[in-house]
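Produce the entire structure from the sequences given, and follow the hints as far as they go.
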Amino acid sequence: MKRSINIWVSLDKITILLYLLLVIMGWLNIYAAVYNEEHPGILDLSQRYGKQFIWILAAIFTGIFAILIDSRFYFFFSWFIYGFLMFLLVLVLVFGTEINGARSWFEFSWFSLQPSEFAKFGTAIALAGFLNSRRLDLTRLGMLTQASAIILVPAFLTALQPDMGSTVVFFALFLVLFREGMSPYVFVSGLLALILFFLTLLINNLYLKLGLIVLAILLVWFATRRWKLVLMGTGIFIVIAAVLYVIDYYLFKRLGIELVILFALLVSGIFFAWYIYTKKAMAVLVIYLFLVGSIVFVNSVDVTFNKILPDHQRDRINILLGIKSDPRGTGYNVNQSIISIGSGGLTGKGYLQGTQTKFKFVPKQSSDFIFCTIGEEWGFLGSLAVIGTFLLLFFRIIFMAERQRSVFSRVYGYGVVSILFLHVFINIGMAIGIVPVIGIPLPFFSYGGSSLWGFTILLFVFLRLDASRNEYLV
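Residue numbers (my numbering): 677 to 1150.
The set of hints was computed from the structure by calculation and includes no laboratory data.
Check the hints yourself; a few may be wrong.
Mimicking DSSO-like on lysine-lysine, the simulated pairs with C-alpha atoms at most 30 Å apart in a straight line are [unchecked claim]: (1) Lys1025 / Lys727; (2) Lys1040 / Lys1025; (3) Lys1040 / Lys727; (4) Lys689 / Lys727.
Below, the structure is given as structure tokens:
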């Protein structure tokens, strides 16, 4: 049964005001970032700030249109929306225009369109539809696998472009799965994998693997309190590793010490299979699988990082970790960004008074590095105000998500806040040098129509769902 509700009255006014505030601040900062004294008019359509005004009007119109659509449309057509956007991600690989080494854009006569910005909305709404239509039990492997596939398909297609920034953002939706009951062990495993990724880059792989083995031995002792078992296991591993090393050294000369360690672990596991089975020693099994998985992961990271990842992405990560220094090359953007933000001091140099901004020291300052303008001209207090506004928006969306009556709306709401949060964290992190430069926009601030429209649709669809949370009664 449908209850008659005035949607416009039911819309969350606080969220709309925060959205408009962020969009206006973003527009003013774009004006400051690319200000041209020969074209001082903020509505000059020949300049980026004039074009951004058009994108803002189009975004607001799009948001209104999203609100006018019946909320049931998003539920019933979630899979169609997802499928259509996945089709666009495939299509852009074939017919897209290559810009800055990535085939991510459809070029039209007077504007460009980036499908991955809209695919984030499509993925969030498909995930909401899936979790709403199934019994919500993400502890089951089958359901977790299917939910993960919904996220990984667009991530994979985006990685093929290659657009690593947007690819990473899709993984934010795993936070939604965690909220909806995914085992904390899976979440912790993801965090450990991230830590292990950076350790692989910072520490010699052989030493890292030996350290993992020592850690596993200690964990087995803590779990079983049996020194004989630990010593016997260690002895079996050392003997097998020594035999394999001798055979490889004199006969094959192909494996190398690191693969010898992996194979020795696999063979050692056979000797302990009987013990694990008879004693029901699940803790030992988990530790063993963790050790083998970690070593395989270290090998895969090494291969991926050194042989698959593009040179510029590899250099950016190395610079972030302090492995490499290139202030005039790959590290130039971040170095100048930090200088710009630091020069703003407590209160900033004043609007349109940023010297780093005026003399174009930071490339892409109106898009990926828009936070530099905020830091230089508005200072620490201004930057804090911008971050605080984003935090208010995040908390408001979480509050709205928790008051939803349907799983679909709640899951989608958490999808919205997860995507926006990761965008803000990575973009600001890039600007201050704590995150590798992967080129993603700051929501509602960075120049560009695709990103602004994508974020607007993402947010306003949730506003529509929230406004109708009491509209349909079962």
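Problem set entry | Unsatisfied constraints (hint numbers, rising) | The structure conflicts with no hint, since it agrees with every one listed earlier.
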